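Whenever a hint applies, use it, and build me the whole structure from the sequences.
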Amino acid sequence: MNQTIGQTKPTSLLYLDGVSVSFDGFKALNALSFVVEPGELRAIIGPNGAGKTTMMDIITGKTRPDEGQVFFKGEIDLTKRDEAEIASLGIGRKFQKPTVFESHTVWDNLELALNRKRGVFSTLFYRLTAEDRARIEEILATIRMSPRRDDLAANLSHGQKQWLEIGMLLAQEPELLLVDEPVAGMTDAETAETAILLKEIAKSRSVVVVEHDMGFIRELGVKVTCLAEGAVLAEGSIDFVSSDPKVIENYLGR
Amino acid sequence: MTIKTSVTGAFLAAILSTTAFSGAFAADDTIKVGILHSLSGTMAISETTLKDAMLMLIDEQNKKGGLLGKKLEAVVVDPASDWPLFAEKARELVSVDKVSAVFGCWTSVSRKSVLPVFEELNSILFYPVQYEGEESQRNVFYTGAAPNQQAIPAVDYLMENESVERWVLAGTDYVYPRTTNKILEAYLISKGVKPEDIMINYTPFGHSDWQTIVSDIKKFGSAGKKTAVVSTINGDANVPFYKELANQGVKAEDIPVVAFSVGEEELAGLDTTPLVGHLAAWNYFQSVDTPANAEFIKTWKAYTKNDKRVTNDPMEAHYIGFNMWLKAVEKAGTTDTDAVLDAMIGVSVPNLSGGYSTMMPNHHITKPVLIGEIQGDGQFETVWETPGLVVGDEWSDYLPDSKDLISDWRAPMSCGNFNVATGKCGGKGS
Amino acid sequence: MITSFLMRSFDRSILIAVAILVGLAMLVPALNLLTAPDHPLHVPTYLVSLFGKYLTYALLALALDLVWGFCGILSLGHAAFFALGGYAMGMYLMRQIGARGSYGNPLLPDFMVFLNWKELPWFWHGFDMFWFAALMVVLVPGLLAFVFGWFAFRSRVNGVYLSIITQAMTYALLLAFFRNDMGFGGNNGLTDFKDILGFNIQANGTRAALFAASALMLALCLILTSAIVRSKYGKVLVAVRDAESRTRFLGYRVEHIKLFAFTLSAMMAGIAGALYVPQVGIINPGEFEPGNSIEVVIWTAVGGRGTLIGPIVGAILVNGGKSIFTAAFPEFWLFALGGLFVLVTLFLPKGVVGTAGAYFARRRAELRGQAAETPNNLAVEPMAAE
Amino acid sequence: MYRILQILFVALCLVISAHVVGSRAAEGLGPLIDQLGSAKLSDMDDHITALAKTGDAKVIPVLEALGEGELYQRKSDGKVFLVKAQGADLLLVDPATGAGAGAAPKAAMQKVKVNNAVRRAVRSALGGLTLFSDDTRARLKAAQSMLQTPNADALEAIETAIAAERDGAVRQVLDEARAVTLLVSDRPEDQKRHAIALLAEGNGRNGLAVLTSALATADASLKPDIETAIARIEQTQAFWNAGQNVWYGLSLGSVLLLAAIGLAITFGVMGIINMAHGEMVMLGAYTTFLVQEVIRSSYPQLFDWSLAIALPLAFLVTGAVGLAIERGVIRFLYGRPLETLLATWGISLILQQSVRSIFGPTNREVGNPSWMSGAFELGGLTITWNRLWIIVFALAVFAALLFLLKRTSMGLKMRAVTQNRRIASSMGIRTPWVDALTFALGSGIAGMAGVALSQIDNVSPNLGQGYIIDSFMVVVFGGVGNLWGTLVGAFSLGILNKFLEPYAGAVLGKILVLVLIILFIQKKPRGLFALKGRAVEA
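Chains as they are written, first to last, in my numbering: chain A, 512 to 765; chain B, 1035 to 1464; chain C, 80 to 465; chain D, 560 to 1097.
A hint or two may mislead.
Over the 12 Å line for every Cβ pair with chain B, so calculated as not near, a few chain D residues [claimed, not checked]:
| id | residue |
| --- | --- |
| 1 | R633 |
| 2 | T656 |
| 3 | R886 |
| 4 | I942 |
| 5 | L971 |
| 6 | I988 |
Pair ranges (Cβ atoms, derived) [what the hints assert, rightly or not]:
| id | chain 1 | residue 1 | chain 2 | residue 2 | range |
| --- | --- | --- | --- | --- | --- |
| 7 | B | T1338 | D | K643 | 28 to 34 Å |
| 8 | B | S1197 | D | T656 | 37 to 43 Å |
| 9 | C | A98 | A | A652 | 39 to 45 Å |
| 10 | B | V1454 | C | G284 | 48 to 54 Å |
| 11 | D | L849 | C | R179 | 52 to 58 Å |
| 12 | A | R660 | C | H118 | 52 to 58 Å |
Just so you know, the hints here were simulated from the structure itself, not pulled from any lab data. Predicted, not measured: the structure shown is a model, and the values here were computed from it. Glycine included, C-beta positions come from ideal geometry on N, C-alpha and C.
Right, here's the structure in full:
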């Protein structure tokens, strides 16, 4: 397997090799290796404490690995960069708990997320151009929130916040999108719509989804990676993974 | 937004109405006296007593029939140990409450803060605390001790009676100790003390951990020469300092400490048994045995309804200042500032230590200097006294830049910093 | 670009506030100087200086609000920037005294003369020129804030930790300025000022002018802060306040965003201090007192943080109350002040202006008949436990 | 020379037949004592010497009373009495006969004036008189006074005493006293050289003082010996000084620990920025004051127990105040830490002013019980009892708190609630109650700290303010939420401060420590012992 990774490194979008990190003696990630190809939609499952969120923390620069390599687009070493830099490189992240700017309107949330210059002075003298306006309108339509554009984010329902956050990630125009449990707490209808939305998004970029909802993952119908105790347990189609005895033992239960 | 305007409006109205309100009270049937002492904050510990003392003095005077046939009325404000607030409150007392004179301030910085106000509004301030000198202002009367009325006699006493040869000058790092120590250093050197026999040490306000410094003092004192500590340590820091002295066994018989800022009030917070024999230099002690003082203490205890309340030097200074002001107003027949300023000079009133204190042309007064030893009961016992009265010297003779300056507020000189070398008013006069 | 940036700042409340301030800047001096003292509309000089002082406090509170209300940085050291600005101005005023000091030394301030200093310390040079002092008024606090913020924000010192080290900063400065060896007059600070720009500092005209300057400067800073918080940058500030890591993951350099606001705020605080000193006539290390910084926070909280008018109202209310109570109830005013802080945090967590604003917003919404839907937007339950 | 022979003679007589001599001299004693009453301060020395010469045992209480200021002269006839205060009156004792002489009002009596010079004369006279006392402690005291004020005249007396001395400790002091005295005498050089060698062995400052002054006057031949002896003593002292600094640092650290430990609960564990913490310390100190007031007026014999009584009371009083504050104000502010700052600041103003209104703005006297007074020597270290007890106390409080939090069910609940309120609540823990008790505990501990701090600091309304910033620094430096961090933080800041102080001075030292803390927080934004983990921030 290592050999294949070695070969895919130059072309793969995201490349993790032998990444380990521990907190106070607890090994959150244990020599994790993981590759995402351009345009791929990937689902990650795994029991609590398997290291899913920690992996995302490492990719987005929030946590530094104790050892191991993390490369983006083949050449860019992510372990040497901080969150803002990595975000600018084109990696977006959605948190487990929906995090939007509650005291801003839906529109402002998207405007802030828009992929424009983000320095102090460029934001200070920023004026909304027709182009930006059109882009925001477009995203609003995509996430089906056009009528609520002037509402404060604080007043959105839980599901709407999740969507707004996805919309913000779209506005960021990332090449790789990391999505942590996007359908937690959603109704079935919302879940279904979210699956459609993610598939739509994945057409133009790579997406990594962490999710517990097996139904949702089945709906996505993509390659699945199962993590346990900080390392990859199994990888493949949902049917392949869910029939793996180790996965059943560790995660799905009998 | 309407809220904002209405709030501001209401507030403006409130301010103006209090102004008008107190203005309305400024009827002609009373003479107002301002009391500008901190009642809260760090200085409340010292200043509150002075407020009470002033209220008592005014009360007593009213029992005697007031002044110029009118009752005296005290106006108390709280500048809260906040120096700019002192200026604000002084301005309020003079221009809103229209007081005839203000008794107040403790720290030098509070006095410095209000000086321009009294100058601008031409009113009178009585300042009752020992201070560093180097100042003489037309509108201020300094009833506390100048350095020559406290520090220098104390050092003389130690040199003569205790044959001290080695000196620790320990003080809080602010202007009074700095200046006093500069003066003392120059004075000691002029008396033949070698510079290496003088140790100067400054600590911050409210310093509470004295272990290192007390042990340094012990070390400095073990060089085979009689050593004494001259302490200009201020206020709150004294209690932990003395507690540390007592515990480390620094006895007065071996290394006496003479303090300029420790009075009866400060000792009230201490068990003084281990401190017996340490010294203080003041112009008044509660233990002074005169009928006037006995009367004063009796009135004070009755007024505060507390048998344990002590009296101290700044209280006596207010007593002197207040009586001088009464006399000057009577002499001038009016409370008008200019007339009172003229009448003040030369006024002589009894002090509490059995003599008379006189207001000199430099706005400082004559006082006896007493050296007292701390007793087990928290009082001082006078062990030495200047033979006569000492005139407060505002411009020290031991500082190079002030030795040529004098002050005389009588016409025609009317100058606070006349240079005798150049013969001109205004410092160097050049 | 600049005009459009500034034009953005004017909404109704800001316009009214600016109008009031400009009006005061003209009216108060006029009423003070042009009416006779017994005229019913006469404003005594005493009140002119007092209100001038309040306005500088208001500016300080506004500066704090920019970082606390909008960016969530609770600085407990803003009085330090205020004091530094004040010291810069004080040094200019000291140099203006020239040979009129007690000792008549043309170069050295009095406190240096009697402590036997022979020459002017290097950092006192240049302060005889107003432009230089004016520059230092913004540069020194700005630089300190920049350096301090650079380290603190880069290492992601946050929340309570940041508040405590800002306290440490102002406390260290307090101790440093108390030291006479520092060359800033020790505990007594700088006093006995005579002239400012050639005008007698005690003249009524100068006082009125200083009042007007304070009012206009406050108006100007209000416009500026309003423009800032309404720009995209302002939205980023609020975003940082509400969800710092989200902002970071969007690609914003949070440390730069914070640093700019912090530095700018410190500069405004410095200006406030510079206007404060000539009006109260003294600057001393007491201004660095950690408690002072906490008080500024309280003014802002009382008025309403996160609103621009709030801190101004809060500063004037609290200080006005202090002025009245210290004279009316000298023994008990601390109870009133302490009680006020407790009650405001308990019952008006959004401050006077914030609460009133929310109330009026609700009323308007009701009038428009959308009561049911109106997001009771900013109004978090006043006493939301947990 | 005559005088010391006299003393020696007297001393010997005292040992052999004190009674005979005593009664014989008694007739002359009365007038001699009465002379003290009317003498000038400058003549007192001679009168004291004359009294000492009589060698009468009755002189000892008279001189002691003189030193203590308990000798009074009757204004009417100039007769001098030993007195004891009894209410407003003075109880008189005739010094010559030791018999009671009735009582007299204070106004009728005048205290015999003493100053430091008189006290010194008394001390050395008593030293001579009690050098042969039966009481070991009196002999030790006498030997020490001989050591402190070397007087060549007393040399032979000391030597006689050494010969007679059986007690090792006294003997050691006497040997040192002899060496010191020898140096100021005109004894031959080799004896002096011997004395110098003896002094160089010890580490006493007395030796250093005598040697330094002897250096100026000594013969050229002796000078090298003295110089090496001085160098040697200084070397030992330098060694001990480092130890002394560590001790000072530990003791400062223990004060910081005491001040901060309550805050480590209310701020560190509960997250309340409790600006009223200092006022809790102050209330504890005032409780001590009240306890001592009651004891002084009603049960003076219990004074040494005053702190033991004050401790639980202070804990209860401040704990109750803390409980009231939590129930009345803070419980509405959980989850809004910065707002607890504003409210508690208001509370601290109110508490300060309340205390000022009730007790007055001035310092209140809190005495040291005898077991907390004075100092003892440990090698070259001077260790004051009060500091030692405070260190012990601070560590004891720390240990007790640690035990409470880690080993009891209450502690478990406290930790559970502060870590996850909702889950704790769903598990049946009454969270509001636990919150209140935790806050009360933190406040109560602050109150106990106040009892200890009343022993070394002012008891005034401002007491708390002096500690609040330092306490926060300690907790933040150590790492919020970690008690061990508070312990290590307090002691390391204390020691750092004390090592900087000799070089930088007290002020600059403190500034440096603050700057170092600021820099340290940049390096470790969560303090010395940060809690690590995934903990996603909001």
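Now for the hints, and whether the structure bears them out:
1. R633: 16 Å, holds
2. T656: 26 Å, holds
3. R886: About 27 Å separates R886 of chain D from the closest Cβ of chain B, which puts it past 12 Å; holds.
4. I942: With a cut-off of 12 Å, I942 of chain D comes too close to chain B, as the shortest Cβ separation is near 10 Å.
5. L971: Nearest chain B Cβ is 37 Å from L971 of chain D, so the label holds.
6. I988: The claim stands: I988 of chain D keeps its Cβ more than 12 Å from every Cβ of chain B (closest is about 41 Å).
7. B:T1338 - D:K643: 28 to 34 Å: At 30 Å between Cβs, range holds.
8. B:S1197 - D:T656: 37 to 43 Å: Holds, since S1197 of chain B and T656 of chain D (Cβ atoms, about 38 Å apart) stay within the stated range.
9. C:A98 - A:A652: 39 to 45 Å: Holds - the Cβ-Cβ distance for A98 of chain C and A652 of chain A, about 42 Å, lies within 39 to 45 Å.
10. B:V1454 - C:G284: 48 to 54 Å: 37 Å, violated
11. D:L849 - C:R179: 52 to 58 Å: About 55 Å separates the Cβ atoms of L849 of chain D and R179 of chain C, which means 52 to 58 Å holds.
12. A:R660 - C:H118: 52 to 58 Å: Given about 56 Å between the Cβ atoms, the range holds.
The earlier numbered hints that this structure contradicts are 4, 10.
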